[in-house]
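Student: Just so you know, we're using full-length UniProt numbering here: the sequence shown kicks off at 1 and counts up by one.
None of these hints come from the bench; they were simulated from the model.
Note that the Cβ used here is the ideal one computed from N, Cα and C, for glycine as well.
Take these hints with a grain of salt, some might be off.
[Said to hold, decoys possible] Just the calculated beta-carbon pair ranges, DEER-fashion:
no., residue 1, residue 2, range
1, Phe30, Arg5, 11 to 21 Å
2, Leu244, Asn185, 20 to 30 Å
3, Asp96, Met38, 39 to 49 Å
4, Gly55, Ile208, 23 to 33 Å
5, Tyr131, Thr230, 39 to 49 Å
6, Gly259, Leu179, 16 to 26 Å
7, Gly259, Phe126, 43 to 53 Å
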Amino acid sequence: MHYWRLFSGYSKQYLKKLLAYRGDFFAQFFADLMSQIMSLVLILVIFRQIPRLNGWNEGEMLFLYGFFLLPYALFNVFFSNFFEVPRRYILQGELDRVLVRPAPSLFQVMLEQIELESALSLVSGFLVLLYGAKTAGLDWSWWHFPVLILTVTGGTLVYGGIFIALASLAFWFEGNIALMPTMYNISVYGRYPVTVYRGIVRFILTFILPFAFTGYFPAALLLGKKEGLTGGILTPLVGLVVFLIGVLIWNRGIRRYTGAGN
């Protein structure tokens, strides 16, 4: 109950901020929308040239992209503030303020900037997913819905765990700020079948930076593709493990932190 009150309080504060700066809200919304439209156009252009991409037809690729947008949107809602950890919280010392409060530091940092506007991408993601499912001829069954929820949660935790771990490196290396946008760009590789990449890239996206679990494996499972069966089933577990690793690295970094003055 205590955590829910914190979440509710932070959400209300951020909503007030959005209402005060509506121009920024709409600018961010349209920027995200244009990015999604361009990605959709790219998929459609590809399938005007070829009937399949490594065994995936147009409808299946649209389904994959729609699924990819769901954990991607939730990540931006709840974990975007970790991009600010190296500069704002460590170099500028705002973590000192966080640490004197009677709540977990990780939870506070997560809630201090909840990007509610990014939740709108959930709507576009579901629309693309449903259209892709219809185009691909997916026959929905009762099990699709709990699996969809579990795999979206798992994909979100993969994102969260990786970026928490990356932000935590600033406790040891203050110059790692440039790594955050680079990793953000790598994360979008999950919107394509991992089989289109070369062996080393495929290995990295599966075992080192498991962004394949944010789109490819879950979508393959939901579409009934044998190639993604094991990975899709393991997605919630992989997400939990990656997230716990990120939390562990964060907690070790917090113990090492001595304050901005030092």
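Student: Each hint should be assessed against the structure and marked as holding or not.
Tutor: Each hint, compared with the structure:
1. The beta-carbon spacing between Phe30 and Arg5, approximately 33 Å, falls outside the hinted interval of 11 to 21 Å.
2. For Leu244 paired with Asn185, a C-beta distance near 25 Å keeps the hint of 20 to 30 Å intact.
3. The hinted range of 39 to 49 Å is satisfied by Asp96 and Met38, whose Cβ atoms lie roughly 41 Å apart.
4. Distance hint for Gly55 and Ile208: a CB-CB separation of about 24 Å, consistent with the stated range 23 to 33 Å.
5. Between Tyr131 and Thr230 the C-beta distance comes to about 27 Å, which lies outside the given range of 39 to 49 Å.
6. About 23 Å separates the C-beta atoms of Gly259 and Leu179, a value consistent with the hinted range of 16 to 26 Å.
7. The beta-carbon spacing between Gly259 and Phe126, approximately 44 Å, falls within the hinted interval of 43 to 53 Å.
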